[in-house]
Amino acid sequence: MKKPTMTIFFILAGCALLLSGIWIYFQKMMERVDLAELRNSRAYERHYVLIADDGNSMLWDSIYESAVQEAAATDACLELVQPDDNPEYTQEDCLRIAIASKVDGIILRPDGSREMQELIAEAADAGIPVVMVLEDDSSSRRISFVGLNSYQMGDAYTEQVLGLLKPGRTEIMILADSEGGDVDTGLVSSYMARTVEQRKAQDQTVDISVQSVDSSSDFNAEEVVRDIFMDEEGLPDVLICMDEVITECAYQALVDYNEVGNVDIIGFYYSDTILDAVARGTVPATIALDMAEIGRYSVDALDEYLSLGHASSYYSVDLNVITRENAAAFAEG
Amino acid sequence: MSGKNRFPGVNSMQTKLSAVMFLVLLFVVGMNLFIFGQIHSAVARIDAVFSSNVTINELSDMLDQVQGTVYEYLSTKSSQALEDYYRYEQDYRERLEDLNDKNIDSDIKILEKNIRSMSESYLEQTDLTVQAKRGRNVERYKEYYEEESQIYQYINSYIYRLNNLQFRRNSENYQLLLSSMDVLEQVSLFIIMIVFVVGSAVAVILIRDMIRPLLALSTASSEVAQGSLDIPELPVVSEDEIGVVTRSFNQMVVSIRENIGKLRDSMEKEAQMKARELSMEAHLKEAQLRFLQAQINPHFLFNSLNAGAQLAMMEDADKTGMFLEKMADFFRYNVRKMGSDATLREEIEAVDNYIYILNVRFAGDITYTKDVDEGIDDIPIPSMILQPIVENAVQHGIHDCMEEGCIHLSVHREGDELRITVSDNGKGMSQEMIQAVMEGKTGGGEENPHSTGIAVVNVLSRLRLYYNRENLLQIESGGEGKGTQVHITLPLEETEKARQDGKTAAGVLEGSFGE
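Protein chains in written order, with our numbering: chain A, 1 to 333; chain B, 334 to 848.
Keep in mind the hints are simulated off the structure, nothing from the lab.
Watch out, some of these pointers could steer you wrong.
Here are the computed distance ranges between Cβ atoms for each label pair [said to hold, decoys possible]:
{"no.": "1", "chain 1": "A", "residue 1": "220", "chain 2": "B", "residue 2": "434", "range": "39 to 45 Å"}
{"no.": "2", "chain 1": "B", "residue 1": "507", "chain 2": "A", "residue 2": "16", "range": "21 to 27 Å"}
{"no.": "3", "chain 1": "A", "residue 1": "318", "chain 2": "B", "residue 2": "464", "range": "32 to 38 Å"}
Stretch-level coverage of chain B by chain A, calculated; a stretch enters the list once three of its residues show a Cβ under 8 Å from a Cβ in chain A [what the hints assert, rightly or not]:
{"no.": "4", "segment": "431-442"}
{"no.": "5", "segment": "512-526"}
{"no.": "6", "segment": "535-543"}
{"no.": "7", "segment": "645-655"}
{"no.": "8", "segment": "674-681"}
{"no.": "9", "segment": "710-721"}
Subject to a maximum C-alpha distance of 30 Å in a straight line, what follows is the list of computed DSS-like cross-link-like pairs (lysine-lysine) [as the list claims (entries may be wrong)]:
{"no.": "10", "chain 1": "B", "residue 1": "607", "chain 2": "A", "residue 2": "102"}
{"no.": "11", "chain 1": "B", "residue 1": "435", "chain 2": "A", "residue 2": "28"}
{"no.": "12", "chain 1": "B", "residue 1": "618", "chain 2": "B", "residue 2": "703"}
{"no.": "13", "chain 1": "B", "residue 1": "760", "chain 2": "B", "residue 2": "618"}
{"no.": "14", "chain 1": "B", "residue 1": "607", "chain 2": "B", "residue 2": "618"}
{"no.": "15", "chain 1": "B", "residue 1": "618", "chain 2": "A", "residue 2": "3"}
{"no.": "16", "chain 1": "B", "residue 1": "607", "chain 2": "B", "residue 2": "595"}
{"no.": "17", "chain 1": "B", "residue 1": "659", "chain 2": "B", "residue 2": "703"}
{"no.": "18", "chain 1": "B", "residue 1": "659", "chain 2": "B", "residue 2": "760"}
{"no.": "19", "chain 1": "B", "residue 1": "652", "chain 2": "B", "residue 2": "607"}
{"no.": "20", "chain 1": "B", "residue 1": "435", "chain 2": "A", "residue 2": "102"}
{"no.": "21", "chain 1": "B", "residue 1": "774", "chain 2": "B", "residue 2": "607"}
Heads up, the beta-carbon is just placed ideally off N, CA and C, and yes, glycines get one too.
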């Protein structure tokens, strides 16, 4: 090839290269403009909804994380409906929306209300299976419950209480959410009373009381817990919290009212603050269910029901007692 | 274009220039199209970004219309409201088709799916409501209406959420696209500059490449115009008009060079011819002069000699008669043969006569011998060749020792040549003398009052002209006192040819003067 031809060829090739570079750059840029949000997304066979009743909790995040992985493995996508999404809607509204949206399965924590029972029945009529987690409402037409029953919970708490009994009189207060569904605080307390009675020392007397916290309205739990701490006379020796929000409130009040060492808190589940408190010994122990198992089992229950037509009505999950010794392991995740 | 090509099979300059223009324009257009395409896709992308919000808003409006007509129908039960309801319901259903109905793990897609499913539930419920109203089932339709209104609220809130979600995402996308457009603007400016630079470069390179042979041609033609024809052949680099002109130019230079060569040759030949002609003319003039000088005397002389011979006969003086007869023969031959070729015999007889006369004059002192081959008597040779040589040998060789002088003439035929040698035992010649005689500086007989008048130089010149050859006559001598040999070599073929052509000095003489 003649020299000028070669020069022109190289010039044009350089231009082509430059244009290709620019074109690729813009293609990349355009790809970043995600119109349909389809990047990294895939279609699934089924659509489940997880209705969380407390959006701020790590608990629901843990359940959702494991459940969404399990759902993906069984060709289903899991939608997390949190109170934050629709502040004006109740859990029942969310359930109605899920039914109207004709989802393939619903996972929720029941509040034990009649309305919810009716809605679960409506869902069952529409062929939508409902799985309950953490708490059970056996009178509803849910297909499965994933969690621990009252006896197991009672046993776990009782074991911790026994280690905290003082010589003489020990006052124990159980703080439970009034919307606790089937988790019968009464059952837990009576189991605890009976067991403690059997295993306590002769000189020890134990007084167990139950305080219900109405968490249906905002900030109520915090007010109730503050009330307890303000009444120094009625302040118990051991405070058993049956809810992660109550646990957090109780711990904060304990610090605020300078009652560390006077009141022992046995918490439910954990947050970073609680784990920190446990690690420092401010909180002796907290009871944590294996939330990853809850998420996994709840999706398994739905999948089993939809595939086989039936599912086990009760999935028992592991229970962890977090104390000063193993707090670090949980903090690491 | 090719139809107008005056040089078939040649890429014309027009085609090439058009191709260059086309290439540059193609490049410019291509670059512009590229920029245009990029801008277009970016703008289309911005359009698409907000079209999703527009779609959602339309969906919301249609939902309101459905709900409104249901309410109106329930309130008034007007057939117009019912008609509107069915129409809006249909529109709404159609619009729902655009929404996602797959279980995709994306916030927006799952919201769309929920809206679509809820809308379907809602439309089922509105149908039930309308049916109940038509069936005048008051209790049911109120109940259904409440339920559908609730779903309507849910759908609206979901649409609101979807709109928010999309708007938030679209705003991010919009920011991204705006920054892309900024970059695109700068890139476009850059590309335009590149187009300018590259387009110019391509045009300059191609045109320079095309013009280069033209420049070489113009330089070469300037040189030729200044008279320098020794230029190297120009290379033909392209098969276009320039190529054709270059090739023609090369041919032209070669032709001019050849023509000039030929012209020079012919002029040289002409000059040679002219010189020869002039030389011949000079010799003729000389011969003619000598002839005219001699003409009167010999005629008168040999007529007188004849008269003398007859007188001697009458007086019975035989020797005198013989002598006068030989004298008469000699002069007669001299006069007669001056204008034509002679035979070898005639030449030898002339020598014989000359020697006889001398011997009579000098009382028989000269010893003369001859050795002539048989059968060569009739060979034609130019006249008056031998006698002047012999005369020269007598005058310059043996003149001072006539009584011992000896002259030998030998004539032999060797192949195509006739070799004649005249030798004497006279005083000989030095090399300088021989050289001088051969170069015509001396050795002639004209300065000698005893000579018959024809010098060796004249013989030499006539032989050269007659045969058109050099070195036909050679003089040898051993030096002072050792005698002299004059060798004459005559080519027989040339003799024949010359005779046929009539190209002889004598012939010319003959034509000029006759006898």
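Here's how the hints hold up against the structure:
1. A C-beta distance of roughly 41 Å is found between residue 220 of chain A and residue 434 of chain B, which places it inside the suggested range of 39 to 45 Å.
2. At roughly 32 Å, the beta carbons of residue 507 of chain B and residue 16 of chain A sit outside the given window of 21 to 27 Å.
3. With their beta carbons about 53 Å apart, residue 318 of chain A and residue 464 of chain B fall outside the hinted range of 32 to 38 Å.
4. With a threshold of 8 Å between beta carbons, the proposed coverage of the segment 431-442 of chain B by chain A holds, since 8 of its residues qualify and at least three are required.
5. Coverage of the segment 512-526 of chain B by chain A holds [criterion: at least 3 residues with CB-CB distance below 8 Å; count 5].
6. Counting residues of the segment 535-543 of chain B whose CB falls under 8 Å from any CB of chain A gives 5; the rule of at least 3 is met.
7. For the segment 645-655 of chain B, the stated coverage by chain A is violated: 0 residues have a C-beta nearer than 8 Å to a C-beta of that chain, whereas at least 3 were required.
8. Counting residues of the segment 674-681 of chain B whose C-beta sits closer than 8 Å to any C-beta of chain A gives 0, which falls short of three, so the coverage hint is violated.
9. Counting residues of the segment 710-721 of chain B whose CB lies closer than 8 Å to any CB of chain A gives 0, which falls below the minimum of 3, so the coverage claim is violated.
10. This hinted pair does not check out: residue 607 of chain B and residue 102 of chain A have alpha carbons roughly 130 Å apart, beyond 30 Å.
11. This hinted pair checks out: residue 435 of chain B and residue 28 of chain A have alpha carbons roughly 27 Å apart, not beyond 30 Å.
12. Taking the CA atoms of residue 618 of chain B and residue 703 of chain B, the gap is about 34 Å. The hint is violated against a cut of 30 Å.
13. For the suggested pair residue 760 of chain B and residue 618 of chain B, the alpha carbons sit about 33 Å apart, so the restraint of at most 30 Å is broken.
14. With a CA separation close to 16 Å, the supplied pair residue 607 of chain B and residue 618 of chain B stays within the 30 Å bound.
15. For the hint pairing residue 618 of chain B with residue 3 of chain A, the CA-to-CA distance comes to about 75 Å; that exceeds 30 Å, so the pair is violated.
16. Proximity of residue 607 of chain B to residue 595 of chain B is assessed by CA-CA distance (about 18 Å); at most 30 Å being required, the pair is judged to hold.
17. As the CA atoms of residue 659 of chain B and residue 703 of chain B are separated by approximately 18 Å, the hinted pair is consistent with the 30 Å bound.
18. Only pairs whose Cα atoms come within 30 Å are accepted, and residue 659 of chain B paired with residue 760 of chain B is accepted, the gap being roughly 28 Å.
19. The hinted pair formed by residue 652 of chain B and residue 607 of chain B fails the criterion: a straight-line CA distance of about 52 Å is larger than 30 Å.
20. Distance restraint check for residue 435 of chain B and residue 102 of chain A: the Cα-Cα separation of roughly 12 Å lies within the 30 Å cut-off, and the hinted pair is therefore satisfied.
21. Of the pairs offered as hints, the one joining residue 774 of chain B and residue 607 of chain B holds, with about 23 Å between alpha carbons and a cut-off of 30 Å not exceeded.
The structure is inconsistent with the numbered hints 2, 3, 7, 8, 9, 10, 12, 13, 15, 19, although it conforms to all the rest.
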